[in-house]
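Chemist: Protein chains in written order, with numbering that gives the first Met the number 0: chain A, 0 to 405; chain B, 0 to 406.
Hints may be right or wrong, so weigh each one.
To be verified - Chain B is faced by these chain A residues, among others (derived, beta-carbon under 10 Å):
1) Lys134
2) Glu138
3) Trp148
4) Ala157
5) Arg292
6) Leu348
7) His380
8) Leu385
9) Leu393
10) Ala396
11) Val397
To be verified - Quick list of simulated restraints, FRET-style, between CB atoms:
12) Arg188(B) to Gln119(A): 41 to 51 Å
13) Thr133(A) to His357(B): 40 to 50 Å
14) Val283(A) to Ile346(B): 17 to 27 Å
15) Trp149(A) to Val339(B): 26 to 36 Å
16) Arg21(A) to Arg188(B): 52 to 62 Å
17) Ala277(A) to Ile346(B): 23 to 33 Å
18) Asp347(A) to Arg188(B): 29 to 39 Å
The hints are simulated quantities; they were obtained by calculation from the structure and are not laboratory data.
Beta carbons are placed, not taken as given, at the ideal position from N, Cα and C, and that holds for glycine.
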Amino acid sequence: MNVPEANQPIDLSVVIPTFNRRDALAVLLAALERQSLPLDRFEVIVVLDGCTDDSAHFLDRWAEAHPDSRLRHITQDNAGQSAARSRGAAAATSPVLLFLDDDIVPEPSCLEAHARCHQQAPGPCVVLGDAWMTKAQHESYYAMLTRMWWEDLYVERAQRYPYYTYRDFCSGHVSMTRDLFHDIGGFDRAFQGYGGEDYDLGYRVLKAGVAFHLEPQAQATHDHHGNARRVFRNLIDEGRNDVRLGTKHPELRRGLRCASPTPLTRLLFAMPLLFSVAVGCLSVVLRVFEKLRLWHAWRWLFGKLRYVAYWLGVTKALPGWAAYRQWIDDCPRRPRTVLDITEGLPTDLSRVWLHGPSTIVLESSGRTIGQLNMSSIPHGHLAEYLAQRIATTLPDAVPLPAARTL
Amino acid sequence: MAGPDRETQPVAVTEFELSGGEQSASAFGSPYEEAEVLVRLRRTPVGVVRVRLREGRLERDAVEAAVEANASIRDRVRRLQQKRFLLQHHPEPHFTPPTWTLVICTRNRTEDLKRCLQSLQRAEGIATGQVLIVDNAPSTDDTKRLVDQSPFTYLRLPQPGLNRARDAGARAATGEVVLYTDDDTIIDRGWIASMLKPFDSLRVGAVTGLTLPLELQTPAQHHFNRYGGHARGFEPKCHDRNSLNPAAAGGVGSGANTAFRRDLLVGLNVFGAELDCGTAALSGGDAYAFYRVLAAGYQVRYTPDALVWHRDRREWSELKRMLYGYSVGVFAFLSRILCVHREADAIEVGLSWLKQHHLKQTLRSVLRRPGSLALPLLMCEWRGVVVGPLAYRQTRRHERHQHGGNT
Chain A
0 MNVPEANQPI DLSVVIPTFN RRDALAVLLA ALERQSLPLD RFEVIVVLDG
50 CTDDSAHFLD RWAEAHPDSR LRHITQDNAG QSAARSRGAA AATSPVLLFL
100 DDDIVPEPSC LEAHARCHQQ APGPCVVLGD AWMTKAQHES YYAMLTRMWW
150 EDLYVERAQR YPYYTYRDFC SGHVSMTRDL FHDIGGFDRA FQGYGGEDYD
200 LGYRVLKAGV AFHLEPQAQA THDHHGNARR VFRNLIDEGR NDVRLGTKHP
250 ELRRGLRCAS PTPLTRLLFA MPLLFSVAVG CLSVVLRVFE KLRLWHAWRW
300 LFGKLRYVAY WLGVTKALPG WAAYRQWIDD CPRRPRTVLD ITEGLPTDLS
350 RVWLHGPSTI VLESSGRTIG QLNMSSIPHG HLAEYLAQRI ATTLPDAVPL
400 PAARTL
Chain B
0 MAGPDRETQP VAVTEFELSG GEQSASAFGS PYEEAEVLVR LRRTPVGVVR
50 VRLREGRLER DAVEAAVEAN ASIRDRVRRL QQKRFLLQHH PEPHFTPPTW
100 TLVICTRNRT EDLKRCLQSL QRAEGIATGQ VLIVDNAPST DDTKRLVDQS
150 PFTYLRLPQP GLNRARDAGA RAATGEVVLY TDDDTIIDRG WIASMLKPFD
200 SLRVGAVTGL TLPLELQTPA QHHFNRYGGH ARGFEPKCHD RNSLNPAAAG
250 GVGSGANTAF RRDLLVGLNV FGAELDCGTA ALSGGDAYAF YRVLAAGYQV
300 RYTPDALVWH RDRREWSELK RMLYGYSVGV FAFLSRILCV HREADAIEVG
350 LSWLKQHHLK QTLRSVLRRP GSLALPLLMC EWRGVVVGPL AYRQTRRHER
400 HQHGGNT
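With the rest of the complex left out, here is chain B (with noise of 0.2 Å):
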């Protein structure tokens, strides 16, 4: 199935309403042999099947035959038809949507920037809450002068810092709920509201959505993608503390697509300036901010209905260099929680993280088992553990040396 050249072949990314309907665009250009389709029933998405195009086009026939091969989506759609049945005499129950504010941080990415505006504003509800652009520290104004011609409120700040960013978006916002993506995605009309929608209790302490590639152009996107991405899978999912060891948060869900409750933001103090970009752990700031929301005895869902669409790294070097940074912020994050919060589960995740992880896959590429990573993407994971630990004592010592020893 697996040959180099399906790999190397651009495929076009799509999405198809089995219901009917609205239908995004069918035909695509001569370079395209295969589709990558998001198969969705009344917008719910139930799964991808990657179809064959005919002269370049996407036929309704091999889409449903793509979709009655494979046994899960087969089932979810089922499901969803039952429920629907079923409950076709009961009202779903009154719900009243929290205020909101979306926060997208961004540093010097205008072109990207640009595409997930517009986006924004096809998106359903805009109107309703607050958009804030968080500029971090950039190097020229070509940010500024985009979203002075958009609807939407800049705010720039000069300290340079992913999660600095995402902390004086959450104090500047005004809603009850702070959405977060990132600034090379695009959103899904529905966004917002699906994202919501799992805020209907006090037990909620923040949301994940589903995150798939926006495109599928160069062999280090297809890798990337055949090897999970960020998608977390299409059932959503309801963690607390007494389902997930906090300590594990990091496998919950993509900061590029998550909502928190502002009270907490501020009040928990989850976006610790010593993690993610900007710093020298690299990464990690979405996976503590989940570890704190967990640990402080909140529920963290994850919804596939909230659905976002993420550019990934096209050269080989820009994915090496991501996942380098993913496994040097893992381990920074766990090292965090071991020396600042005690958290001695942190020993135990990472332990396992070496194990189910790094080892298994290290084998499985050694023995070139289908759908196994690269090894010297590998490679750059495994010196990224080292470094991670490493990282945390660095941005820790720099933390103190800036605020005194207050953090």
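So here's chain A without its partners, still in its complex pose (with noise of 0.2 Å):
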């Protein structure tokens, strides 16, 4: 283990968090090593989360091999992802943290970027960075389309530039100032399993006044290693910890995708037990329809299956029907917004900011012409997404000129 010298200042400390991916790891190091901000001038902290395997062993033979590098780990009995961050972070000694997850590959200008921003920054701030997943050779059926809504991701939240929203913030390749991340408290321990703990952190910084900075500079890549099997697993936990992101922020409630009960939702709240029976069992169907390449009957129950996971995870959360619908009508109303579109959209639509669902309220020459549900986050550029709903939605709203002089 190595000890940081005390006098040389460092730009960032670099938090990883890993369980049982000595692969990973290996590669991860390998493009710290590439960077070109040099390995004395950031700090790494591996923390181990219940490691089985022999990652320890590893990095200390790497600290060995490469004397100026400030590589530290640290090892805890396994208690999640949101535990081994805020471990890593108490440990850093740089004013910066970058949280890394251990599959992420940063690209070579990927460290000084987020080290350029974070000095250029008049204050407390958040830089966000890609993590472009890497395509396999042969990729599976399942594998390309959870590519495919990655990038989408990615693609959707450049184009929101510059007005980024609570989901944009993903910890597997974030860093920001140590001393905000400690102020408005660090992870929430209380998000187990899948997810739910980025949202809730980029949601307090959000209401912190701080706002995200989208690097284009700080590139990374990703390697998936998931099924279609896992993603039940995981989508379980995101409708568990989706109810545990309404209930602490109930402004948010309305927003998440557990809050638009069908059909169907009264009858899984009635028995869990059989449509999680029935998850396990289509799921070999599934492998059915992989094998006879049968993609559109696959895409179609996936898509069933999916929905099924997440609401059984709200199940978990919520023990009944009378509860959820109490959860649900207990949540605040929108707030609303008013947007003035006399002269067009106002230039700056930070008023009508996302952080949670609002309603805009729409006036013209002091008249009130209409309003928008803002319920979900909009797709891509902002403007251009409230143009096409007011122009779709509102056909009288705007005055037009007159037909003659089209």
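Assembling the complex is the task here: the two chains are given apart, and the hints tell you how they should meet.
Modeler: Put into structure tokens, the structure is as follows:
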């Protein structure tokens, strides 16, 4: 274990939680070696979250082989990613934290880009980085759909400039001012399993008045290792964690997927056991479809199973239909924001800002001409999204030049 | 409405700009009583209307009345106007267009090509990229002479086959995006920029545009146009694996008006030599290319802003041959993706194509419904259904024979 020399300044503390993935760590450390930011300008804190493989031994050898690096590792009993990240953040000595998942491979200019953004920022700052999925030589159908979904997320996030939402915060590749992280309380360990903890942290950052900065130079790749069956487990966690997020921040509740029940939902609450057995059985059928290359049917069934798995997660967090209804009824009304479009959409749309669901009241020449319910995250560029919605849903909202002078 | 006289009279084809300003010719010769007018608003195509000419002249009032009477055009114009008004203080997001190469494959059609090259020279931004004319197994030197007089690059390919020519063009191209049009087209002035604009993210693999008839002179051309032609509507679309079964890629767009990312063309080998003109499969090369791009997880975008005028077949016999060729091509394409890519959905798509198109149109034709295809043309299409898979088998054998089993 190397002890950093106290008088030399460092730019970043890279915090990497890991669980039994020594090979992935080897790839990540090799990428850290290739950075344009010299090895002695950043420290690396790997948190071994109950690892039972030889990750610790591997890290010791790596640190010996790289005497100018500042690699440390912390071992803890398995407590989940949030706990591991918090542990790493507490041990960090630099004023800037960079969180990387163990399967992320940063491009050579990535760390320097993060460091530069933070140096140039006037105050506390959050820098979002991309983590594109690598395309396998022979990728499965599921892997391809996942990659498409992932790439869509990043493309849309980039289009959203400069208005980002709490859902644009991904803890797999993000850097933030250490003091900000501690001031807002760090990751919430109540979020167990997959998902939720980054949305929660992102939302608290935005509420603290700090905007996200998406840095195009902060690029990384990401080896996805999932399969269709694991995704159902993750979706159950996601449903549960969505309820947790909505309970912690009631103003977000209306925008969550679990706030829009369908006729099937009630049935799901009535007999969750039956449905979880059904998901188990039908995931076998899914494999049959995959063997027969019936992609159309596969996608249809996969969509249904995803839906059921997510709602099973919701039923785990809320014990019954009555409790669920109560949870929905208790949530506050959407805040209303007035938007004056007498002269077109105003250039500053941060008042329409989407910390959470809201209702936008459109006014023109002092007259209310309609309203838009912003429940879910808008797609892509905010001004274009709003213009498209107004043009399609409120045909009479905007005064037009006379028909003759088209 | 659709009396027999209406079908045989030549109709002028023109465009009309609603916002005023530049207008193309508004006076036509004596044989024309009507005009098929493409209506545009600040160059965005919004629809097509049929307008009666007054003494051979197209009058503004008449077009505006026709637009007023057409609910979908009116609605589209309103939406465009509203969006323009709302976004007046919002500059368009910054976009650096990719570099491009335009490939035109031709074979012994120097007259058509000449008109196409003239339209190219008038196109905006033509000097920002590379234009390659691929001369596919020509029997004369006419095309070479024509291209040598123009600023464009000439490439001769001795083996016949449209897909081979497209592939050779892609391999010789230097741009990040390869644009394709046919030799019997005229491209719109803003075509190049409109084709490049949708390539705004790495998710986009291909773009296809609006193809309209260049002339409506003969009954065959009228018939094809009334039946739908090559046009795919006036709303932009974004297809990917989630929204469209890749086996149904044939309906996405037309090979006369497409663009692909070059790395995909080369990497995925999208122009298989077993398909399209010059092989027994007769067509289907574009459908297969869209299929490959969609199946690999990329988006295919349709943008009506990218406009190409295509000269449709003039004679009945040519139209018959073409529709027969399309039908053979579609079923050869489906056979290929079934055999080579084990795409079981090809069966479903083939059956629904038979049901939705062949059966339905035949029924409509027998019942003499307005706008239906002539029965002899449909018979050609039915023949193509049977011949398609056989043709594919034949071309595949031929390819295997030539390349020692390497396809």
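Chemist: Does each hint fit the structure? Answer for all of them.
Modeler: So, going through the hints one by one against the coordinates:
At a threshold of 10 Å, the smallest CB-CB gap from lysine 134(A) to chain B is about 8 Å, leaving the interface hint in force. Because the smallest distance between the Cβ of glutamate 138(A) and any Cβ of chain B comes to about 8 Å, under 10 Å, the interface hint for this residue holds. Because the beta carbon of tryptophan 148(A) sits about 8 Å from the nearest beta carbon in chain B, less than 10 Å, this interface hint is met. This hint holds: alanine 157(A) has a C-beta 8 Å from the nearest C-beta of chain B, less than the 10 Å allowed.
Restraint check, arginine 292(A) versus chain B: the minimum CB separation of about 5 Å is within 10 Å; hint holds. Residue-level restraint check for leucine 348(A) holds (minimum Cβ-Cβ distance to chain B is 9 Å; threshold 10 Å). The interface hint given for histidine 380(A) holds, since its Cβ lies 6 Å from the closest Cβ of chain B, which is under the 10 Å cut-off. The interface hint given for leucine 385(A) is met, as the beta carbon of that residue sits about 7 Å from the closest beta carbon of chain B, less than 10 Å.
For leucine 393(A), the suggested interface contact is upheld, since its CB lies about 9 Å from the closest CB of chain B, less than 10 Å. Taking 10 Å as the C-beta contact cut-off toward chain B, the hint placing alanine 396(A) at the interface holds, the least distance being around 8 Å. Hint on valine 397(A) holds. Least Cβ distance to chain B is approximately 5 Å, under the 10 Å limit. Checked against the given bound of 41 to 51 Å, the beta carbons of arginine 188(B) and glutamine 119(A), roughly 44 Å apart, stay inside it.
In this structure the supplied range 40 to 50 Å holds for threonine 133(A) paired with histidine 357(B), their Cβ-Cβ distance being about 44 Å. A hinted range of 17 to 27 Å for the beta carbons of valine 283(A) and isoleucine 346(B) is consistent with their spacing of about 23 Å. Tryptophan 149(A) and valine 339(B) have their C-beta atoms about 28 Å apart, which keeps the hinted 26 to 36 Å range intact. Roughly 60 Å separates the CB atoms of arginine 21(A) and arginine 188(B), a value that falls within the hinted 52 to 62 Å.
Remark: the range hint 23 to 33 Å for alanine 277(A) to isoleucine 346(B) is upheld by a beta-carbon distance near 28 Å. Restraint check, aspartate 347(A) to arginine 188(B): a C-beta distance of roughly 36 Å satisfies the suggested window 29 to 39 Å.
Checked against the numbered hints given earlier, this structure breaks none of them.
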